[in-house]
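Following the UniProt record's numbering from start to finish, the sequence shown increments by one per residue and tops out at 196.
If you're looking for bench data, these hints aren't it; they were derived computationally from the structure.
Note that the coordinates shown come from a computational prediction; the quantities given were computed from them, not determined experimentally.
Treat the hints loosely; a few may be bogus.
[Stated by the list, open to error] Taking CB as the label site, the calculated pair distances span:
| # | residue 1 | residue 2 | range |
| --- | --- | --- | --- |
| 1 | Lys-142 | Asn-98 | 49 to 59 Å |
| 2 | Thr-146 | Ile-59 | 50 to 60 Å |
| 3 | Leu-145 | Lys-39 | 55 to 65 Å |
[What the hints assert, rightly or not] The calculated DMTMM-like cross-link candidates involving lysine to aspartate or glutamate, where the alpha carbons are at most 20 Å apart (straight line), are:
| # | residue 1 | residue 2 |
| --- | --- | --- |
| 4 | Lys-100 | Asp-41 |
| 5 | Lys-48 | Glu-95 |
| 6 | Lys-177 | Asp-112 |
| 7 | Lys-47 | Asp-63 |
| 8 | Lys-175 | Glu-73 |
| 9 | Lys-48 | Asp-187 |
| 10 | Lys-177 | Glu-21 |
| 11 | Lys-31 | Glu-21 |
| 12 | Lys-48 | Asp-72 |
| 13 | Lys-166 | Asp-143 |
| 14 | Lys-48 | Asp-65 |
| 15 | Lys-125 | Asp-26 |
| 16 | Lys-31 | Asp-72 |
| 17 | Lys-104 | Asp-65 |
| 18 | Lys-121 | Asp-72 |
| 19 | Lys-40 | Asp-62 |
| 20 | Lys-166 | Asp-112 |
Glycine included, every Cβ here is placed at the ideal spot set by N, Cα and C.
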Amino acid sequence: MKKLSLLCLLIVVFMNAQSVELVNGDYMYTKIINTSKKKKDIYPMLKKWLTDNSLQYFIRTDDRDLGILSFDERLSLMHYNDTQSTFPSFNSTFEIQNRKVIYKAGHIVLQDNYGGMTNIKNDYKSLLDRITNLTLHINELKDQLTTERDEKRRSDIRKEIDIENKKLNQSNAVKIKLTDCFARNVDMIIKMLNQN
Numbered sequence: 001m002k003k004l005s006l007l008c009l010l011i012v013v014f015m016n017a018q019s020v021e022l023v024n025g026d027y028m029y030t031k032i033i034n035t036s037k038k039k040k041d042i043y044p045m046l047k048k049w050l051t052d053n054s055l056q057y058f059i060r061t062d063d064r065d066l067g068i069l070s071f072d073e074r075l076s077l078m079h080y081n082d083t084q085s086t087f088p089s090f091n092s093t094f095e096i097q098n099r100k101v102i103y104k105a106g107h108i109v110l111q112d113n114y115g116g117m118t119n120i121k122n123d124y125k126s127l128l129d130r131i132t133n134l135t136l137h138i139n140e141l142k143d144q145l146t147t148e149r150d151e152k153r154r155s156d157i158r159k160e161i162d163i164e165n166k167k168l169n170q171s172n173a174v175k176i177k178l179t180d181c182f183a184r185n186v187d188m189i190i191k192m193l194n195q196n
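Turn these sequences into a full structure, and let the hints guide you.
Here it is in structure tokens:
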């Protein structure tokens, strides 16, 4: 019986797990939030939240009839390493229906800065590619380390692995910060919907 309840718990956790997924060429985070409240009650509540936090959010779409609120959000500066940094930003949308809010976060843009001189706008895919390439490079270096016999060269490879691991950790931190921000927005919506 305990195994069955554990299995049910794992299924529920898996079904509610959220990640950023590729949808129609754009990476999106989507969460459906069910509530007992009606659209006419939900809309002003979420609009007030955005208005009260206008320094953090810039409202792009405000359509009460369709039940759509969309806004831009920009996170604080994050560093990939000593010379590379990024400002992640994204667009969030509330699709408000009777007894339901669909939260979507997409159009993720990374305003990358290289050496304080070059600004390049990249998308979420570039972050995933960076993580993949760093992981592959680290694995190649580890393979070289196992076959290398020269101790000085082994030391150089270890140093390079450490540097690449730091870059990988920073890139993963950007990815995690984005998904944490999406989850925080969902938690805030749920808290507001649970208020009387």
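Results for each hint:
Take Lys-142 and Asn-98: their Cβ atoms lie about 55 Å apart, and the range 49 to 59 Å holds. For the pair Thr-146 and Ile-59, the supplied restraint of 50 to 60 Å holds, since their beta-carbon distance comes to about 55 Å. Roughly 60 Å separates the CB atoms of Leu-145 and Lys-39, a value that falls within the hinted 55 to 65 Å. For the hint pairing Lys-100 with Asp-41, the CA-to-CA distance comes to about 11 Å; that is within 20 Å, so the pair holds.
A hinted pair counts as satisfied when its Cα atoms are at most 20 Å apart, and Lys-48 with Glu-95 qualifies at roughly 15 Å. Of the supplied pair hints, the one linking Lys-177 and Asp-112 holds, its CA atoms being roughly 16 Å apart against a limit of 20 Å. Restraint check: the Cα-Cα separation between Lys-47 and Asp-63 comes to about 10 Å, which is no more than 20 Å; the hinted pair holds. Of the pairs offered as hints, the one joining Lys-175 and Glu-73 holds, with about 15 Å between alpha carbons and a cut-off of 20 Å not exceeded.
Distance check on the hinted pair: Lys-48 and Asp-187 sit about 16 Å apart at the alpha-carbon level, within 20 Å; holds. Straight-line distance between C-alpha atoms of Lys-177 and Glu-21 comes to about 16 Å, which keeps the hinted pair within the 20 Å bound. Simply put, Lys-31 and Glu-21 have alpha-carbon atoms about 12 Å apart, close enough for the 20 Å limit, and the pair holds. For the proposed pair Lys-48 and Asp-72, the alpha carbon gap of about 16 Å is at most 20 Å, so the pair holds.
Pair hint Lys-166 plus Asp-143 holds up; C-alpha atoms about 19 Å apart against a cutoff of 20 Å. Restraint check: the Cα-Cα separation between Lys-48 and Asp-65 comes to about 16 Å, which is no more than 20 Å; the hinted pair holds. Simply put, Lys-125 and Asp-26 have alpha-carbon atoms about 9 Å apart, close enough for the 20 Å limit, and the pair holds. For a cut-off of 20 Å, the pair hint linking Lys-31 to Asp-72 stands: about 17 Å separates their Cα positions.
Straight-line distance between C-alpha atoms of Lys-104 and Asp-65 comes to about 19 Å, which keeps the hinted pair within the 20 Å bound. Taken as a hint, the Lys-121 and Asp-72 pair is honoured in the structure, with Cα atoms around 16 Å apart against an allowance of 20 Å. The hinted pair formed by Lys-40 and Asp-62 meets the criterion: a straight-line CA distance of about 14 Å does not exceed 20 Å. The straight-line distance between the Cα atoms of Lys-166 and Asp-112 is roughly 18 Å, inside the 20 Å bound, and the hint therefore holds.
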